[in-house]
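A.B. asks: So the protein lines, in turn, are chains W and P.
First residue of the first sequence: 1, per my numbering; consecutive thereafter.
First residue of the second sequence: 260, per my numbering; consecutive thereafter.
Treat the hints as calculated values from the structure; they're not laboratory data.
Any given hint could turn out to be false.
Said to hold, decoys possible - Within a straight-line C-alpha distance of at most 20 Å, the following computed SDA-like cross-link-like pairs (lysine to any residue) qualify:
#	chain 1	residue 1	chain 2	residue 2
1	P	694	W	135
2	P	694	W	81
3	P	694	W	101
4	P	694	W	95
5	P	694	W	96
6	P	708	W	98
7	P	708	W	147
8	P	694	W	148
9	W	25	W	70
10	W	115	P	695
11	P	665	P	604
12	W	115	P	689
13	P	708	W	146
14	W	85	P	690
15	P	694	W	151
Source: prediction; values computed, not measured.
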Amino acid sequence: MTTSENVILSIRDLTAEIDGQPILKGVNLTIRAGEIHAIMGRNGSGKSTLSKVLAGHPAYTVTGGEVLFHGENLLDVEPEERSRKGLFLAFQYPLEIPGVSNLDFLRVSYNSRRKGQGLDELDAFDFEDLITEKLKVVQMDPAFLGRSVNEGFSGGEKKRNEILQMALLEPSLAILDETDSGLDIDALKIVADGVNQLKNSENALLLITHYQRLLNYIQPDFVHVTHAGRIIRTGDKSLALELEDRGYDWIDQWEGVAA
Amino acid sequence: MTIVSSGLTTDSTTGPGTPSSADQRSQYLQNLLTIAQSGPDLGQVAPVAQVESSALQTLQGQAAARLRELAIPSTREEDWRFTDLSGILSLELKHPYPHCLLPSRAELLPILLPDAPHRLVFVNGIFAPELSHLEDLPPGVKVGNAQSETAQAAWTTRVGQLPGSEEVFTTLNTAAFEDIAVIQVAKDTVLDVPLHLIFVSTSGSQPTFSQPRCLIVADRFSQLSIVEDYITIGEGCMYGSANGVYVTNAVTEIWLGENACIHHSRLQRDSSGAYHIGKTAVHQSQNSRYTNISLLLGAKLSRHNLEVFHQGEQVDTQLHGLALVTGTQIADTHSSIVYQYPHCSSDQLYKAIVDDRGRSIFNGRVYVPQAAQLTNAAQLNRNLLLSSKARVDTKPQLEIVADNVKCAHGATVSQLEDDEIFYLQSRGINRQSAKNLLLDAFAREIINKVPLTSLRETLARCMACRLIL
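Chain W extracted, bound-state conformation (with noise of 0.2 Å):
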């Protein structure tokens, strides 16, 4: 069960800043095929510039610490490569591009994948057909592959288009930053439902939430609490619900941690 050919990211005492700011300050984190991880904190804890770095964002510059993804280095590797061997971020914002059509994105996105696996890129048509058995997994209307990326999209429009994208590039690792912020419930419904179809025992998620409420609905198997840029306690998905209860003025009283 643990033997390390089911580990799909490792991430042994990880510190990363910003603008010469320490974020991160120690991370430790494994993660295996078939799991489903959660990471809860405040604001500020941590979690989001978590999933940056992990996706090789320009704007963090890890300080120490090793991250393996399949075994490999990944924090020598370029966001296009990281993105290219498997993993896929979520964005908790995800960016309008007006000019670009959303079919195009997609095409170019997913043709990019599989050069990288060594495949041939699919051509319009076929590319169609599949993008349109995708749109199921997500609900959504074909219509949106003629606008423009994400461009005039409801906040729950654009997570669930976030989430068409993780359906067409089968990561192996996907990592949703904070996708339940924003959304009604119908609409977390439909992300949620999206998630749980795309999860199988090769893959492995790593949620990035504030809220319990997500966990209803995709459960995980570990919940890590972050604060001050490290992971404090990791517990199963009971955790969650007694963070949801106790609030996170909770953590203050955990011993170690400074109020």
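Dock chain P against chain W, hints included.
C.D. replies: Here is chain P on its own, set in the frame of chain W:
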């Protein structure tokens, strides 16, 4: 005949930052007039448009007289504050010999647009019937040059009659243009396949000066699409390979009758050594619609003055533009919409992508007097800076007197955002492709407004070759 005088042979101290003296600038303007009036040497073929017309002589004589009071503008004048013309003052210009330098059909081929079969070609401002193709135009579309009846009837009614005609470069053109492109579309006539109006500049070892002139008249209820193209002859991409030095001073006047509709694309893709000063002046009668898509791609320095005058109710004006500025290029757009009647509207979107040490200038004037109630005017200028030495000067200039109007304006100057590039990278697209995708998207919004597929493709290629690595 080459004209050299004290004004022309200015020394190298006349660089940017050292304003030349008023005398020098006034003298140089007179020299430009003399060059323009000089025409080809004896023994050369006479110009096509040697027109006997006292009305034309009067028009040109009056303009020449006004010119004596004027001078090449300096950067001390508000309208030219950001665009320094002193580079022109150091050029020893001569009149181009149009018939010696007439391009061949093969040279013209890369310019032609397969989906715009009708074309009117002018070389150095003079009609080139051999290169034009005007067969099969619908009845009701009259196309010609200075010798045409349409032109003869226009000297006292249309040519040089719009407000702003007393401006210095317009006056210079009026005083000495040698030929004119005339397009008249009769009442109820629709020409939906764009007419390609090509102004070719050629230059030899010595810099040349030419003055294209154009008159477009759309009668009541007519509809016309036109592509006005300023270009030079070169291999492949015009801008990249052609570096001839010349000065173009172009004026296009457009009259829209009641309910007329004109879609006008204007391309400036001059050689990288060229100076281009161009004016588009538009008269809009009631219920007319005018759309202008202006692309500034070439030239060392280019200035486009776009002036629209509303002359009736329910007029609609759409002005859009894109400037691609690289190297040490300067691209300047000065637009002006003068409202005069109620219930009129205008929409403007101007974009510039500025790389290297390029400079882009946009000045957008909208004048809404008391009479123009219920005006709906919108203006947006968006600029993308790709280098730390690139520069943008943008100035919305809204003069609003009426009190029940909707007038919006905005200007943005930005760089390619790291977050946008990162978003694309995180989807497997490499950094360079991500940048290209974003640049392409920025420009595409304007390029897609151009009516012809072939032209959109040409522009996308031009953009790729100029900005995308």
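A.B. asks: Hints first: check each against the structure and report whether it holds.
C.D. replies: Structure-based check of all given hints:
1. Among the hinted pairs, residue 694 of chain P with residue 135 of chain W is inconsistent with the structure: their alpha-carbon atoms are about 27 Å apart, more than 20 Å.
2. Taking the CA atoms of residue 694 of chain P and residue 81 of chain W, the gap is near 16 Å; set against the 20 Å cutoff, the hint holds.
3. Distance hint between residue 694 of chain P and residue 101 of chain W is fulfilled; the C-alpha atoms sit about 16 Å from each other, no more than 20 Å.
4. For the proposed pair residue 694 of chain P and residue 95 of chain W, the alpha carbon gap of about 14 Å is at most 20 Å, so the pair holds.
5. A distance of roughly 15 Å separates the Cα atoms of residue 694 of chain P and residue 96 of chain W; the hinted pair therefore holds under the 20 Å criterion.
6. With a C-alpha separation of about 15 Å, the suggested pair residue 708 of chain P and residue 98 of chain W falls inside the 20 Å cut-off, and the hint holds.
7. Between the alpha carbons of residue 708 of chain P and residue 147 of chain W the distance comes to roughly 17 Å, so the proposed pair stays at or under 20 Å and holds.
8. About 16 Å separates the Cα atoms of residue 694 of chain P and residue 148 of chain W, which keeps this hinted pair within 20 Å; it holds.
9. Simply put, residue 25 of chain W and residue 70 of chain W have alpha-carbon atoms about 23 Å apart, too far for the 20 Å limit, and the pair is violated.
10. For the proposed pair residue 115 of chain W and residue 695 of chain P, the alpha carbon gap of about 19 Å is at most 20 Å, so the pair holds.
11. With a C-alpha separation of about 9 Å, the suggested pairing of residue 665 of chain P with residue 604 of chain P holds against the 20 Å cut-off.
12. With a C-alpha separation of about 12 Å, the suggested pairing of residue 115 of chain W with residue 689 of chain P holds against the 20 Å cut-off.
13. A C-alpha spacing of about 17 Å is found between residue 708 of chain P and residue 146 of chain W, which places the hinted pair at or below 20 Å, so the restraint holds.
14. The hinted pair formed by residue 85 of chain W and residue 690 of chain P meets the criterion: a straight-line CA distance of about 16 Å does not exceed 20 Å.
15. Taking the CA atoms of residue 694 of chain P and residue 151 of chain W, the gap is about 18 Å. The hint holds against a cut of 20 Å.
Violation of the numbered hints given earlier is confined to hints 1 and 9; the remaining hints are satisfied by the structure.
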